[in-house]
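**Q** Using the hints, position chain G against chain U.
Number of protein chains: 2
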Amino acid sequence: MVEISPLRTGADVRAAARAGELTGVTAGLAPGYVQANLVMMPAAYALEFLAFCIRNPKPCPVLEVCEPGDPEPRRLAPGADLRTDLPAYRVYRDGRLVERRTDVTELWTDDMVSILIGCSFTFEWALSQHGIRLAHIEQGRNVSMYITNRECVPAGRFHGPMVVSMRPFPPDVVPQVAAITERFPGMHGAPVWIGDPKGLGIEDLGRPDFGDVLDFGPGDVPVFWACGVTPQAVALASGVPLMITHDPGHMFVTDAPHAAYQV
Amino acid sequence: MVEISPLRTGADVRAAARAGELTGVTAGLAPGYVQANLVMMPAAYALEFLAFCIRNPKPCPVLEVCEPGDPEPRRLAPGADLRTDLPAYRVYRDGRLVERRTDVTELWTDDMVSILIGCSFTFEWALSQHGIRLAHIEQGRNVSMYITNRECVPAGRFHGPMVVSMRPFPPDVVPQVAAITERFPGMHGAPVWIGDPKGLGIEDLGRPDFGDVLDFGPGDVPVFWACGVTPQAVALASGVPLMITHDPGHMFVTDAPHAAYQV
Numbered sequence: 001m002v003e004i005s006p007l008r009t010g011a012d013v014r015a016a017a018r019a020g021e022l023t024g025v026t027a028g029l030a031p032g033y034v035q036a037n038l039v040m041m042p043a044a045y046a047l048e049f050l051a052f053c054i055r056n057p058k059p060c061p062v063l064e065v066c067e068p069g070d071p072e073p074r075r076l077a078p079g080a081d082l083r084t085d086l087p088a089y090r091v092y093r094d095g096r097l098v099e100r101r102t103d104v105t106e107l108w109t110d111d112m113v114s115i116l117i118g119c120s121f122t123f124e125w126a127l128s129q130h131g132i133r134l135a136h137i138e139q140g141r142n143v144s145m146y147i148t149n150r151e152c153v154p155a156g157r158f159h160g161p162m163v164v165s166m167r168p169f170p171p172d173v174v175p176q177v178a179a180i181t182e183r184f185p186g187m188h189g190a191p192v193w194i195g196d197p198k199g200l201g202i203e204d205l206g207r208p209d210f211g212d213v214l215d216f217g218p219g220d221v222p223v224f225w226a227c228g229v230t231p232q233a234v235a236l237a238s239g240v241p242l243m244i245t246h247d248p249g250h251m252f253v254t255d256a257p258h259a260a261y262q263v
Numbered sequence: 001m002v003e004i005s006p007l008r009t010g011a012d013v014r015a016a017a018r019a020g021e022l023t024g025v026t027a028g029l030a031p032g033y034v035q036a037n038l039v040m041m042p043a044a045y046a047l048e049f050l051a052f053c054i055r056n057p058k059p060c061p062v063l064e065v066c067e068p069g070d071p072e073p074r075r076l077a078p079g080a081d082l083r084t085d086l087p088a089y090r091v092y093r094d095g096r097l098v099e100r101r102t103d104v105t106e107l108w109t110d111d112m113v114s115i116l117i118g119c120s121f122t123f124e125w126a127l128s129q130h131g132i133r134l135a136h137i138e139q140g141r142n143v144s145m146y147i148t149n150r151e152c153v154p155a156g157r158f159h160g161p162m163v164v165s166m167r168p169f170p171p172d173v174v175p176q177v178a179a180i181t182e183r184f185p186g187m188h189g190a191p192v193w194i195g196d197p198k199g200l201g202i203e204d205l206g207r208p209d210f211g212d213v214l215d216f217g218p219g220d221v222p223v224f225w226a227c228g229v230t231p232q233a234v235a236l237a238s239g240v241p242l243m244i245t246h247d248p249g250h251m252f253v254t255d256a257p258h259a260a261y262q263v
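If you read the sequences in order, they're chains U and G. Using our numbering, you'd call the opening residue of the first sequence number 1 and step up by one each time. Using our numbering, you'd call the opening residue of the second sequence number 1 and step up by one each time.
Any given hint could be a false lead.
No copy labels: a pair is met if it fits in one copy or bridges any two.
[Unchecked claim] Calculated lysine to any residue pairs in the SDA-like style (CA-CA distance at most 20 Å, straight line):
| # | residue 1 | residue 2 |
| --- | --- | --- |
| 1 | 58 | 74 |
| 2 | 58 | 150 |
| 3 | 198 | 213 |
Rather than coming from a laboratory, the hints here were simulated on the basis of the structure.
Isolated chain U, as found in the complex:
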């Protein structure tokens, strides 16, 4: 039996999160709409962070930047409030994860810059449109995410390792998977690695740093994409005074359709 979520649009998901009715992951909700990773920080180092994103476009493709002090992403979701409309947030201070919250209004200051970063749910939508099966969806789990041994290109005070998401596929499907996802450069694009995880410094696929463990079918190959959780690894490594992000898997759901991001 397939359950149809009553949260059909980005506005539905945001209203439920704002009302405190939704505090879980957003996978499968509002299936036609782009979801986004969130990073908020004081304007004092937002220029450096934007430079970091531009130097690392595969993990950090920027979809929208709000004015300092403005919590409304006016292009992707007019009327939304980034302080309340995600199901869950993480708060990083001085290089430590200090808190998980469902609302960050109390932490807001009028110099806060909010940045939305592309999310792999868009290319997952495209893969599904092509009839390609996704193991984590069929298993009812979140994707596996791993901190790699690949350093991002630093910018100002921002540095740290790239985080990747992993999805297993049968070998004959992998070429099409790479080709389809390449058409979404704003949503992490083509895979960064296909095959042996040791090449990324990942010792054990069964111990992800974020998300869930996935079961592999016989012969399945692990395929890795740069991941929008990277800024959270960067928050830990860089030790900036304050960075607020979404809680992994608990995304901001926009009003934009997935297909708008296909090149």
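**A** Below, chain G alone, put in the same frame as chain U:
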């Protein structure tokens, strides 16, 4: 007779510009290498300008951002100096074009942020690879560029009209031209307008705001792309204290190959 330029690589072009031997346009030089639009400004408003670029990715696709005070684009051209390595610069102060120079070292301060923006020469290369003829190349001219009636999405103090470049093509070639250029989102991507220039507020194709007038073949259709000269129209409209740019057509030539930017 086809003249082969002795300036075959980005490094050749940069060295000639640095030595003062090259002060003209860069079209046709170092044909395999990406050329870029340049924008320099104090760090105090560079965050706002980067937000402007992110909100207007068709005219302002960012290829690289340098650290404040660093004139070397370490990723696209290690060892280069953006203060000397372009054939010609424009200096905008308080919303006015005040000077044209071949070196901006004297204007440099240690808070200057340099931003490189994609250039249509890359998709022109791709069109040529597909055997598509470019009128301005055959006529030995620069493309025509026009200030349109389309306002860019503002960001902070930055606002102003979009500038477009125009190239004429026979009607049967236009679909392929659109499809090929769409594959280069970092280099302005697909056209923004095909046909009647009045829809962009352009009254007379024979009076471009930048570049040269082009001759049309019988039945040729004008095709318009968002253009990296847009920041210069924005400098005029926004009246920021200081913005240094390349002189239109006098680009920064990088070490990056065109094909690296094809999606």
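**Q** Provide an ascending list of the numbers of those earlier hints which the structure does not satisfy.
**A** none
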